[in-house]
Amino acid sequence: MDLYPLYNSLRIALISTVLIFFMGIGTAYYVARMPKAIKGILDVLLTVPLVLPPTVVGYLLLRFLGPHRLVGAFFFENFDIRLTMTWWSTIFATVVVAFPLMYRTTRGAFESFDRNVENAARTLGLSGSFIFWRIRIPCCKAGIIAGLVLAFARALGEYGATSMISGYTPGITATISTTVYNLWRTNNDDLAYKWVLLNLLISALVLVFLNLFEERRRKS
Amino acid sequence: MRSFRKALILLLSGFAAGCDKPHDAGVVNEQPEKNTVKQQNVTVTVFAAASLTESLTMLGNKFQEKHPGIRILFNFDSSGTLKRQIEEGAVSDIFISAAPKQMNELENGGRVLSGSRIDLLENKVTLAVPENNQYQFNSFGDLAEKLHDCRVPFAVGNADVPVGQYSQKIFSYLGLKQDELEKMGCLSYGSNVKEVTIQISEGMVTAGIVYATDAVSAKLKVVDTATEQMCGRVIYPAALLKNTRVQTQAEAFLNYLSSEEAKKVFEQIGFTLLKK
Amino acid sequence: MSLQVKITKKLANFSLDVDFTVESREILAVLGASGSGKSMLLKCIAGVETPDTGCIVLDDRVLFDSSRKINLLPQERRVGLLFQNYALFPNMTVYQNIYHSVRKGRYSGPEQERLINGIMDTLQLTKIRNNSVMRISGGEMQRTALARILVNDAELMMLDEPLSALDEHLKFSLEMELKEIIGNFGKSVLFVTHDRDQAHRLGDRIALVNDGLIEKIAPVREIFMHPDTVEGARITGVKNIAAATVKNGIVEVPRWGLSFDLCRIAGSDGWSEKDIHYIGIRMNDVKLAKGKEDLSKGNIFTFKIADVLSNVFSYTVKLYNPDVSDPLPFYWQISKDLWEPEHRNIVELYLRDSIVMPLK
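Residue numbers (the numbering used here), protein chains in the order written: chain L, -9 to 210; chain B, -13 to 262; chain V, 515 to 874.
This is chain L alone, in the form it adopts within the complex:
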């Protein structure tokens, strides 16, 4: 069994999760400080990919990243870099669809962080960066990790937008989900089931890990 889709899906999901971590905590932090009206609008915009069908998301991404489109053309014409049909093109899709999950959970965690703790730290002379990384983030750890796990799982299972923007090129852009779909469509059920089981195994491992982590935290 060619394991490229496993390797590809895992690396895409991991890279996406790292990107989403920084994007998520950054936007959650800044949006929480905005005046109510702007906050509402931004919330909607940043959560929209969650409610759009993934194929629509993929199609919209294509309109920006295709080699003759706005952003894609810039990279294609100036650097001969294609933003589509590569293994890392999928990362655009996975980040867009999984980001809202991280954003919302983190925003919730940040909102329930006691402002007075931040204020006290400021009066004691601690820098904004210390307060953010050494106090706020550790305090909101539960919410942030929950968000990361959700984002990772979503990125791992992404199909619709991935299919649009990276296609299914065996050995290059194939992910577990596009591989399973293709095997199913070409009546290769046996192999398809093997992949499904593998996917379930990975998801189960992720959840077990999450539970263990929660247990340890609760005990300490």
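What the hints contain is simulated information worked out from the structure, not anything from laboratory work. Watch out, some of these pointers could steer you wrong.
[Unchecked claim] Where chain L lies over chain B, by a calculated footprint (3+ residues, C-beta under 8 Å):
id	region
1	32 to 41
2	143 to 149
3	159 to 172
4	187 to 194
We put the beta carbon where it would ideally sit given N, CA and C, even for glycine.
Take the given structure of chain L and dock chains B and V to it, following the hints.
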């Protein structure tokens, strides 16, 4: 109590109206037009492959204009699904499929009116390229040398998509080992034709193999057409079904589909009309 | 080491508008009802909120000046603020909370350790130094929060409703601790409370605050003896407040049926006739008349007893004047070892002039 009774009557008449099959609604409500002689309204039901939706609908309208007493009713779906529906007893007068296979199966099952089967249309398998044809794919012959350099992939439909199956035949005719190319990461498989045409039109692939009709509807540039030797012929057979009750009118429509007028419509979309 | 504050800030229902000074080494209590803008005042001084206009000067450092666009970051002000719920860093231990409160670069490694250990020792935190702050008692939390401020080189300490987050039985001993700690602090302390007894016990001076305005600022005794306003009287615990009119040098309180000589009750304080709209009398200041009182310095009045409430060590007696048609209750509190209600229904009370407070 009175308003309750009124409501009940309204409700029941609503049911009665709804119970009419759309099939016969015309018959129930229609009064004979002033200028026409007393006519029976006849409905001809056509089961046709989805790829014929546009063309047949247009032709159906034109036919109905010429023959006010005949109504054409279409059911568009994949050929396999339609075949199954007919086998399970669906009411149908004409069947047009996207490949001989389904028609053969119905014939073997004794559901086709003998002598009525014709090869109606032919589709072509084409090599389509992006607007600027950056990679200079000019003919199927180019595939042999160009496909191995696959920094950018080449698009085909997967084995489940009809044109994908023809692509496999073309590859083996050209002496190309498809699974080798696959392992090298040179091929991008679309799970439906739309994916393939988008990848070509957006310039995401070097080129791709699609039906002539797909190329026309996606406005793709076609640089080569496959010969019968390369992948066989893509024939769309049409026939009357044995248990049709409106044979005369069905025949009339089927003949119309071979007329000059029909030819223009089909060829505009990329089909070739086959003369009997 | 003095703090000068003159700021305004528009709040939801009123505007905060204050102008006062905390003297060097003084403990100033800001006493007011909840929602009177007290906490906002502290936050403005600390720099976590910004006033609309004004200036704040600590010693010779300008912390805020709206006209010169100066607004120091809280980090730079060196003002310690003890929050109501202590605001400790939840993810750290006691030691870590204190460790990170030491200003960077101020001390060398060993000096810093000595400082931290010293403070923890003084505040009895050494045993729990490695405990998470989520796992310590309320009193230990307060001491940890104070320790943070004490290691922080703060030039001013401010406390927002200290002890209000604690259980009743802890408040007594912890307040003693707090008093000692702020006494040893050696610099100015400003605290905010709605608890008049606490203000009385801990403060040197008291500022009475109502709806964003300081109604009076004076030493503790002066505030309690002469609150000067109705709201001030209420906050300082005066239970007997009634409307009064002044005519021809006589102050009449119709609903109590009492009258007083204007000169005797307000002469030396500068109250004029038109200033007096109410009279306030503390129920503990009222004495039982024994017949030997000096009538040139007070009056004896007779009241009817409506109800007697038995407290642990005293009685609160609800009285009214039988000669008044629509009487307002008058409350008197007397220690249990001085009087018993028995079956009495009238009582004679002596009201000394000095306890009768004219109010605006």
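Going through the hints against the structure:
1. Coverage of the region 32 to 41 of chain B by chain L is violated [criterion: at least 3 residues with CB-CB distance below 8 Å; count 0].
2. Remark: the region 143 to 149 of chain B is confirmed as covered by chain L, as 3 of its residues place a Cβ nearer than 8 Å to a Cβ of that chain, reaching the required three.
3. Counting residues of the region 159 to 172 of chain B whose beta carbon lies closer than 8 Å to any beta carbon of chain L gives 5, which reaches the threshold of three, so the coverage claim holds.
4. Requiring three or more residues with a Cβ within less than 8 Å of a Cβ of chain L, the coverage given for the region 187 to 194 of chain B holds, as 4 such residues are present.
The earlier numbered hint that this structure contradicts is number 1, and it is the only one.
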